[in-house]
Amino acid sequence: MPANQTRSRARERNNALNRPEFMSLNQPLKSSSAEARGTARRPSQRHQQSQNQPGTNAQHESPENNKEKKELPEEDCMQLNPSFKGIAMNSLLAIDICMSKRLGVCAHTASSWGSVRSMVKLLALTGHGIPWIFGTIVCLTRSNTLAGQEVLVNLLLALLLDVMTVAGMQKLVKRKGPWEMAPSFLDYLAMDIYSFPAAHASRAAMVSKFLLAHLVLAVPLRILLVLWAVLVSMSRVLLGRHHLTDVGCGFALGFLHYSLVEMVWLSSNTCQTLISIGTFNWSPLY
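Counting in the working numbering, the sequence shown runs from 1 upward without gaps.
Some hints here could point you the wrong way.
In silico SDA-like links for lysine to any residue, alpha-carbon gap of 20 Å or less [as the list claims (entries may be wrong)]:
1. K121 with K171
2. K171 with C249
3. K176 with M234
4. K101 with E180
5. K174 with D96
6. K171 with A147
7. K174 with F251
8. K176 with C249
9. K171 with S91
10. K101 with K85
Across the chosen pairs, the derived CB separations fall in these ranges [as the list claims (entries may be wrong)]:
11. L92 with S115: 31 to 39 Å
12. G168 with T141: 24 to 32 Å
13. A88 with T109: 34 to 42 Å
14. L266 with L122: 30 to 38 Å
15. A218 with A94: 39 to 47 Å
16. I95 with L212: 30 to 38 Å
17. R102 with L260: 15 to 23 Å
18. L189 with M89: 44 to 52 Å
19. S112 with N269: 17 to 25 Å
20. L260 with M181: 16 to 24 Å
Calculated directly from the structure, the hints in this document are not laboratory data. All C-beta atoms, glycine included, are put in the ideal place defined by N, C-alpha and C.
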């Protein structure tokens, strides 16, 4: 027996749970029984409280349920992990709007360059679609050469294509300018109501490229034509009607219109047929 007792004591000493620092692990939890009793009583108590006070529970639960059901729209939610593309686009748009507002020095008469606002508006009028369309028609009626009529008919086609394309894109995008301004009467006629893309920039780029390609002009006149296209485009930014990106996209669209007209260039016979139909002098061939 003493040998057995010494062996058991040695086992107890070697057991790690019998050490003083691990004695708490061998003791039963006192709160477990209390929690078990509390959980056994909770269902009955909750059932009695729900029967005694149904209105108060509904009042307390309804706001919480409403908060859980309400969901914020996507526009009001803050993106905690935006993409690099989204950050770059938002930054570029913010820079575009800021610079366009600063360059709108002739937006109002009280602006910093308000004294030259009438001159800038006159410069912008030279790139409007309505004067160019009516001027081309007048020149077409007074032209006597087949080559001149061919160039004028194709120029008229390019102007109509520019007006319709820009009007459709503006109606689709519906971007407003940096400054709130009501469109003029000529803008309504040319359907140049919104900001993107800039119709004056598109028309100036297309007309300048067209005239440089089909008219024999001296070098100073060619330089003045290019300078006119740039100044007409910038005049719309100075007047606060367009952003810088609107002007850039308008320039690109104008070159695209010129390329399309060159691809579908109407021959002299086709132009003569169109002129005869337009002047009601068309006679069918037998």
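Taking the hints in turn, this is what the structure says about them:
The hinted pair formed by K121 and K171 fails the criterion: a straight-line CA distance of about 24 Å is larger than 20 Å. Under the criterion of a C-alpha separation no larger than 20 Å, the hint pairing K171 with C249 is consistent with the structure, at around 15 Å. At roughly 17 Å between alpha-carbon atoms, K176 and M234 fall within 20 Å of each other, so this suggested pair holds. Restraint check for K101 and E180: satisfied, since their Cα atoms lie roughly 11 Å apart, inside the 20 Å limit.
With a C-alpha separation of about 17 Å, the suggested pairing of K174 with D96 holds against the 20 Å cut-off. Between K171 and A147 the CA atoms are separated by roughly 36 Å; this puts the pair beyond 20 Å, and the hint is violated. For the hint linking K174 to F251, the alpha-carbon distance of about 19 Å falls within 20 Å, and the restraint holds. Simply put, K176 and C249 have alpha-carbon atoms about 15 Å apart, close enough for the 20 Å limit, and the pair holds.
For the hint linking K171 to S91, the alpha-carbon distance of about 25 Å lies beyond 20 Å, and the restraint is violated. With a C-alpha separation of about 24 Å, the suggested pair K101 and K85 falls outside the 20 Å cut-off, and the hint is violated. A hinted range of 31 to 39 Å holds for the C-beta pair L92 and S115, which are about 33 Å apart. Between G168 and T141 the beta carbons are some 29 Å apart, a value that agrees with the proposed interval 24 to 32 Å.
Distance hint check for A88 and T109: the Cβ-Cβ separation is about 37 Å, which falls inside the suggested range of 34 to 42 Å. The supplied range of 30 to 38 Å is met by L266 and L122, whose beta-carbon atoms lie about 33 Å from each other. The beta-carbon spacing between A218 and A94, approximately 44 Å, falls within the hinted interval of 39 to 47 Å. Against the hinted window of 30 to 38 Å, the Cβ-Cβ separation of I95 and L212 comes to about 32 Å, which satisfies the hint.
Take R102 and L260: their Cβ atoms lie about 35 Å apart, and the range 15 to 23 Å is violated. At about 34 Å, the beta-carbon gap between L189 and M89 misses the expected band of 44 to 52 Å. The given range of 17 to 25 Å is broken by S112 and N269, whose C-beta atoms sit roughly 55 Å from each other. The hint said 16 to 24 Å for the Cβ distance between L260 and M181, and at roughly 31 Å that hint is violated.
Hint violations for this structure: numbers 1, 6, 9, 10, 17, 18, 19 and 20, all remaining hints satisfied.
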